[in-house]
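> Start from chain A and add chain B according to the hints.
Residue strings, one per chain:
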Amino acid sequence: MTASPITIVDCQLGNIMSVQNMLRRLGFESTVTSSPERIAAASKLILPGVGAFGYAMNQLRKLGLEAPLQKRVAEDGVPVLGICLGMQILCRGSEEDDVKGLGWLPADVVAFDSERIEGHQRIPHMGWGEIEVPRPTRLFPATSEDTRFYFTHAYHLSNDDEQDVVAWTTHGYAFPAAIERGNIVGVQFHPEKSHRHGMEVLRNFAEKY
Amino acid sequence: MRRVRVIPTLLMRKGGLVKTVKFDRGVYVGDPINTVKIFNDKEVDELVVLDIDATNEGREPQIERIREIAGECFMPLGYGGGVTTVDQMSRIMYAGAEKVIVNSALATHPAVVSEGARRFGSQAIVASIDVRKRFLGGYRSYTHGGTRRMPEDPVTAARRAVELGAGEILLNSIDRDGTYEGYDLDVIRSVASAVPVPVIAVGGARNVGDFLQAVQTGKASAVAAGSIFVFHGVHRAVLVNFPSPSLLKDQLFQPLTAGASA
Numbered sequence: 001m002t003a004s005p006i007t008i009v010d011c012q013l014g015n016i017m018s019v020q021n022m023l024r025r026l027g028f029e030s031t032v033t034s035s036p037e038r039i040a041a042a043s044k045l046i047l048p049g050v051g052a053f054g055y056a057m058n059q060l061r062k063l064g065l066e067a068p069l070q071k072r073v074a075e076d077g078v079p080v081l082g083i084c085l086g087m088q089i090l091c092r093g094s095e096e097d098d099v100k101g102l103g104w105l106p107a108d109v110v111a112f113d114s115e116r117i118e119g120h121q122r123i124p125h126m127g128w129g130e131i132e133v134p135r136p137t138r139l140f141p142a143t144s145e146d147t148r149f150y151f152t153h154a155y156h157l158s159n160d161d162e163q164d165v166v167a168w169t170t171h172g173y174a175f176p177a178a179i180e181r182g183n184i185v186g187v188q189f190h191p192e193k194s195h196r197h198g199m200e201v202l203r204n205f206a207e208k209y
Numbered sequence: 001m002r003r004v005r006v007i008p009t010l011l012m013r014k015g016g017l018v019k020t021v022k023f024d025r026g027v028y029v030g031d032p033i034n035t036v037k038i039f040n041d042k043e044v045d046e047l048v049v050l051d052i053d054a055t056n057e058g059r060e061p062q063i064e065r066i067r068e069i070a071g072e073c074f075m076p077l078g079y080g081g082g083v084t085t086v087d088q089m090s091r092i093m094y095a096g097a098e099k100v101i102v103n104s105a106l107a108t109h110p111a112v113v114s115e116g117a118r119r120f121g122s123q124a125i126v127a128s129i130d131v132r133k134r135f136l137g138g139y140r141s142y143t144h145g146g147t148r149r150m151p152e153d154p155v156t157a158a159r160r161a162v163e164l165g166a167g168e169i170l171l172n173s174i175d176r177d178g179t180y181e182g183y184d185l186d187v188i189r190s191v192a193s194a195v196p197v198p199v200i201a202v203g204g205a206r207n208v209g210d211f212l213q214a215v216q217t218g219k220a221s222a223v224a225a226g227s228i229f230v231f232h233g234v235h236r237a238v239l240v241n242f243p244s245p246s247l248l249k250d251q252l253f254q255p256l257t258a259g260a261s262a
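If you read the sequences in order, they're chains A and B. Numbering (our numbering) for the first sequence: 1 to 209. Numbering (our numbering) for the second sequence: 1 to 262.
This is chain A alone, in the form it adopts within the complex (with noise of 0.2 Å):
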């Protein structure tokens, strides 16, 4: 199967390049673009993201790039990748910031919670962490021993269906660590700083969606 070339939506913060370096290392075809007529022209996406939920969503709204991400991914169901940050702005709104998510996802976006958390624990959680997968799917087909994978961030997600949930790690309490609903597809943690961990992410959700 030949994989589709993927758009890298680029909302102008954060680490991008990381996400491409990593795609031509796998060798896919990838574009890093802020336009709004390429994103609604794309056939598989990703949403990389490091930086603050508000600021994002701000970004996405004044780069015009929300209504045709809306058209392209919620009505065309073309697969997405949200990364980190870029997963928590598929949700309805997170409580780092009072703006509003694409609310592609029913879930919300919380804070840790630092009652939950060990005193060895820090906040943000910031760390190579390993997964727990409670079946098979198509980005996780099966995790060894030695899977780890790196998470930088004080927030995660709430969803609403656990069903959603396709991974799960942990700090201080279970969370998760990677979704998967329909054509929208997010994991909290860095899959392009994960070194072959993380290639095997990307490289599925280039070739099997």
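You may find that some hints are simply not true.
Claimed, not checked - Okay, the calculated beta carbon distance ranges per label pair:
# : chain 1 : residue 1 : chain 2 : residue 2 : range
1 : B       : V234      : A       : N58       : 54 to 60 Å
2 : A       : K62       : B       : P110      : 23 to 29 Å
3 : A       : G64       : B       : G137      : 57 to 63 Å
What the hints assert, rightly or not - Listed next, the stretches of chain A that the computed footprint assigns to chain B, with coverage defined by at least 3 CB atoms under 8 Å from CB atoms of chain B:
# : stretch
4 : 18-26
5 : 48-57
6 : 65-77
Hints listed in this document are in silico derivations from the structure and should not be mistaken for laboratory results. Predicted model only: the values in this text are computed from it and were never measured. Beta carbons: idealized from backbone N, C-alpha and C, even for Gly.
Coordinates of chain B only, in the frame set by chain A:
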């Protein structure tokens, strides 16, 4: 299993990598890109790259250099050196680093630190605090490569950095830098107990046992080191190296996991 990050810290000077002892001029240890490639192949947890001359030479961050380094980094990368504007932070991240490390800016451009955290999130801003032990007890904090004293002690400086929005503290002992004397556990512990964000211990590590100490006794969330990852043997021959996953598991992660549940 509890994992902590083990982070090689690379110092750039005049286009090459150096390793210092107590913040001296340092000896040349190699080419940055080559070294980063080796660490990438070894699948290290994270890398810190500091341009240690930028502030004192009044230079801006070298964006092209960061782009080259990030191009070889399939792990998180923090970059520090000469950062004084939010626009520079933005360009550093756009070039492929996820964290911007500030030290002198804590004293000279505190508003930039808070604006950076507001815009990029606190997880993207690391406050680096260089400390020296005082003869009569207590510690002092420094900026500008250890040449300028801050008015605050390390705990106060770290607290203020967190208030400004830093999501992580890189705590560097100048006295232990490159000495193989072990981490300064007292200052690590006092700073780690005073702030809610992760503290990365740097300065003095000689082996994995020191990493364990920094986390167990010092309460650090992560450990960083320079010399032991670039030198080998008593004559300190340059050899880029990193503990194997099984060594880290046996001597660091498992003892920590056992300690936590005990």
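> Against this structure, judge whether each hint is valid.
Consistency of the hints with the structure:
1. B:V234 with A:N58: 54 to 60 Å: Holds, at about 57 Å.
2. A:K62 with B:P110: 23 to 29 Å: 27 Å, holds
3. A:G64 with B:G137: 57 to 63 Å: Since G64 (chain A) and G137 (chain B) have Cβ atoms about 60 Å apart, the given range 57 to 63 Å holds.
4. 18-26: With 4 residues close enough to chain B, the hint holds.
5. 48-57: The restraint on the stretch 48-57 of chain A holds, since 4 of its residues have a Cβ under 8 Å from chain B and three suffice.
6. 65-77: violated (count 0)
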